[in-house]
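K.L.:
With the hints as a guide, dock the two chains, each given alone in a separate frame, to form the complex.
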Amino acid sequence: MAAAVTSSLPAVRPPSGAPLRATHDPRWVRWTLTGLALVFLAFFLVLPLAAVFGEALRKGAGAYFAAFKDADALASVKLTLIAALVSVPSNVVFGVAAAWCIAKYSFRGKSLLITLIDLPFAVSPVISGLIYVLVFGAQGWFGPWLIEHDYKIIFAVPGIVLATTFVTFPFVARELIPLMQAQGSEEEYAAITLGANGWQTFWRVTLPNIKWGLLYGVILCNARAMGEFGAVSVVSGHIRGETNTMPLHVEILYNEYNFVGAFAVASLLALLALVTLVLKSIVEWRHAQARAV
Amino acid sequence: MSLLRKEHSVLPGFGLSLGFTLAYLGLIVLVPLSAAFLKTAGMSWDEFVAAVASPRVMAAYRLSFFASLAAATVNACFGLIVAWVLVRYTFPGKRIVDALVDLPFALPTAVAGIALTAIYAKNGWLGQWLEPHGVKVAFTEIGVFVALTFVGLPFVVRTLQPVLEELEPEIEEASASLGANRWQTISRVLLPELFPALLTGFALSFARALGEYGSVVFISGNMPMRTEIVPLLIITKLEQYDYRGATAIAVVMLTASFALLLLINLLQKWSRRHHRV
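Order-wise, the sequence lines are chains A and B. In terms of the numbering used here, the first sequence is residues 1275 to 1567. In terms of the numbering used here, the second sequence is residues 173 to 449.
Check each hint, because a few of them may be wrong.
Stated by the list, open to error - With a straight-line Cα cutoff of 25 Å, these simulated SDA-like cross-link-like pairs (lysine to any residue) come out: (1) A:K1384 with B:K266; (2) B:K266 with A:L1548; (3) A:K1378 with A:N1529; (4) A:K1384 with B:L194; (5) B:K441 with A:I1388; (6) B:K266 with A:T1306.
To be verified - Label pairs and their computed distance ranges (CB to CB): (7) B:A225 with A:G1458: 25 to 35 Å; (8) B:E219 with A:G1328: 46 to 56 Å; (9) B:L438 with A:A1562: 41 to 51 Å; (10) B:H446 with A:P1432: 39 to 49 Å; (11) B:N437 with A:G1511: 30 to 40 Å; (12) B:V203 with A:R1478: 32 to 42 Å; (13) A:N1471 with B:E219: 56 to 66 Å; (14) A:Q1455 with B:A225: 40 to 50 Å; (15) A:V1552 with B:S226: 31 to 41 Å.
Stated by the list, open to error - Derived coverage of chain A by chain B (criterion: at least 3 residues anywhere in the stretch with Cβ under 8 Å from a Cβ of chain B; other residues may be distant): (16) 1344-1355; (17) 1361-1373; (18) 1449-1461.
These are computed hints drawn from the structure, not numbers from a lab. Glycine residues also receive a C-beta, built at the ideal position from the N, C-alpha and C atoms.
Chain B extracted, bound-state conformation (with noise of 0.2 Å):
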């Protein structure tokens, strides 16, 4: 038996197809990818943990995640009151402020990279006023958390507005005439039904994060030990010509992505079963 079995089907088409769709994907993705996979498989496992686990890796770990945790952590809350409102409010300009939550995705990163640096530089927009009040934003932590925040703010209104639109407003309606009051309808009906989708746009917005480059290097000022992102740090040994310790750190962060892609696909899967129930 082969892996492959197509059903009898009448449209012709059906090895042409897939087989352009395999070939694409295998000499585009995959054997690039596992180049990196088999580079880290000639290293000796002290050599490995040397290059992943040094100091200088391990403070570029620790910021990359907790910066990311707290952009993200920031997107649901936010995201959570920008979807409500657009999908439940009406205000002037309603259709414009739709359409500009996803400027991260269109906007370069570089570009809003450069933008938010001269928005929080010591002589910048915002800086000028904080700076004076001991609020240090650019090449520091947080404004590598400002750049973060920025990157992953549409995920969470984005998974959340079609399921808000979805939720029919007699459920509420039922809450109400059993005597709920609208704090207790929202907390024990509407937020567990919402809860799915905010945890997938949370999970999406930290992953993209994660990996994010562009947006925070002009932003961190890029300081060995304090400022440093991990992608950051594959560029640093690339432009060292150490290949393996680049690669090694590649694929630690391939595996998290990955781990975490399998997370999202499996959190969607409940987030659809749990609105078809």
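The shape of chain A in the complex, shown without the other chains (with noise of 0.2 Å):
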């Protein structure tokens, strides 16, 4: 684009010598700076993501497949799909309902609000998972009503999901709001003109408007809850089989010293990162394309 402009108005190139010199770099510092930038992710994102696929394959693929025969790795697959499960749609469902309130209605204390959603992504996630010991801990507020009545949250798999779930709460508000926002609520009004009640318009006009956003918003949220370390690593008192997630499994086989271990169980939970990637970059395209028509 812009070397098209700049060709097209040859006025502006200056009379003294190389042509363009002015609004495009030379030669020389493209390579440079491509080369440094290529370099530099070379080193921070290609080496490690190629250490973990290395270092699981090191002692062959009959090792690497043998990881995965381990009940308690299988346990903790269980319980990583299932904190995602729950967290997921919860979030999701929030999400949509932030979304609408805040688009589609002005009221007072909207920034505050917004504001308030994005507070888990400034929380560190160790402090994620210690505010619910706080809460739901032994020595915490509900703590000795739940010993009482015999139930567990903390250092079981409901402390996880809230952990979980805290970790990812703004993911998917955060993409639907300035996505609503920005769409208004015209066709909305028109639906509601021609007699389609709340449910029939959300459902048929607005889904499908933000359906690539809110995909979108998915994914990122997913990829969060299934790797998601410090804060479940505080509320889940490390039990094998029971209470262990796959990134916190990936820990204790380290910390054993099982390192093909370790690795294999870390190279799915990379192959999920990849995943996540690549969907998120076909959702971007077909996001763009779809703004575009």
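P.N.:
Have a look at this one:
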């Protein structure tokens, strides 16, 4: 685009020497900067990714696949799926509700509400776990009551689900709020005027309009939910086969010097990350196309 | 007059959506967060100071602060270069590189932690070349810095990219036609335009690094007074059942994070206003 504009306006070229010198970088600058960027990314992104798979396969494919036959590893996969299956849908319902009331109506305190929704991103993962221990732990607010009634939240699955929900809280809402604000409410008004009720308007008008943004939020939310480590580590209690998610199982195996096992489970999480990046790129591309039409 | 007042709208669902939003926000975020502040309010001042200002905690603050600062600075410099290259130049595989920038958002921190440790440990891929030259990365402050650089990497790139894409070529042409050379155009026209976004990316990367835990614990070695970061100290106190001590440090961190969040919000507003003008 830039090149097309400048080449059609020869008058702005400096008369002295090389054409386009003032708006385009010389070749050596382009090559140096591109090289610098690629070397930086190779060291900080490609190398760690390669290390995960390299270490996992260090002792051959047999040892790699044997790592998944372990019952504790399978239990950790299951728990990770449970945590994501509960926390992602709850945050989707919340994200849609929050975006609906923020984008479709005006009320006082709206910008405060938006800031509060972003709050979990500013909280260290470790603190995200700690606050649930303070509420539901043995010494916490509801601790004595929970013990009396034999409910377990901390060092059990509900605590893991809660901590995961906290750290992934803003993902869907922060994708949808700006999107729905930009789209406005004209189409919804038209639907209501034509006699649709609120749910019909939502399912047939709003949802098709926000589907790519929603999907984008779900992908990011899911990646974080399955990969969360710090918050879950505080509330899990690290009981093998019971309260270990995949990232926690990676830590246990690693600390036991079972490197092939640790990197094998880690490679599954790395694959999940790669799939996330691919899906994210596809959604970005489709979304851009949908907007261009 | 009620605090939240709805402007007249024909769309139904205001009460339901706002009610659900506030209830969910309160239960998941606000009530648990307030527990940390209320727990600390029960401590005496001396007790609080003893918990948050002991030499071991001070050493952890220093490490967390300076390692995060160094990581955010490196990310600001290289993030600017990466964003510039991705927006302005073309090269084979550019779309893959662009997608890969988000890897630190998608890769679980524990996986990043053990991968970086495997690379920089004494017998690791890079460690075996670095250690004979006296450069120890794993289990030192440099390791903490490397892990924090990894987790903060996408922020600067992703805040700069949209701003760079929206910059109109006309302003560079105007600058050039008025006699500026390329360096003058970059330093006097482009960089001031990019500065608010650059600063926002820097602050986001810094804030993320301050709270980071998963990727650091594996590579840092966790030596008290030397390579112990603040979040790790909270875990250590929790494991010793010192809930008050852990919460007091958490409140100091939360206060710092909220101040940073406020600063980032102001920076983003400034950045937006800067661009409308």
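K.L.:
Next, verify each hint and record whether it holds.
P.N.:
Hints versus structure:
no. : hint                            : verdict
1   : A:K1384 with B:K266             : 39 Å, violated
2   : B:K266 with A:L1548             : 16 Å, holds
3   : A:K1378 with A:N1529            : 51 Å, violated
4   : A:K1384 with B:L194             : 11 Å, holds
5   : B:K441 with A:I1388             : 14 Å, holds
6   : B:K266 with A:T1306             : 16 Å, holds
7   : B:A225 with A:G1458: 25 to 35 Å : 52 Å, violated
8   : B:E219 with A:G1328: 46 to 56 Å : 49 Å, holds
9   : B:L438 with A:A1562: 41 to 51 Å : 30 Å, violated
10  : B:H446 with A:P1432: 39 to 49 Å : 46 Å, holds
11  : B:N437 with A:G1511: 30 to 40 Å : 36 Å, holds
12  : B:V203 with A:R1478: 32 to 42 Å : 36 Å, holds
13  : A:N1471 with B:E219: 56 to 66 Å : 58 Å, holds
14  : A:Q1455 with B:A225: 40 to 50 Å : 44 Å, holds
15  : A:V1552 with B:S226: 31 to 41 Å : 47 Å, violated
16  : 1344-1355                       : violated (count 0)
17  : 1361-1373                       : holds (count 5)
18  : 1449-1461                       : violated (count 1)
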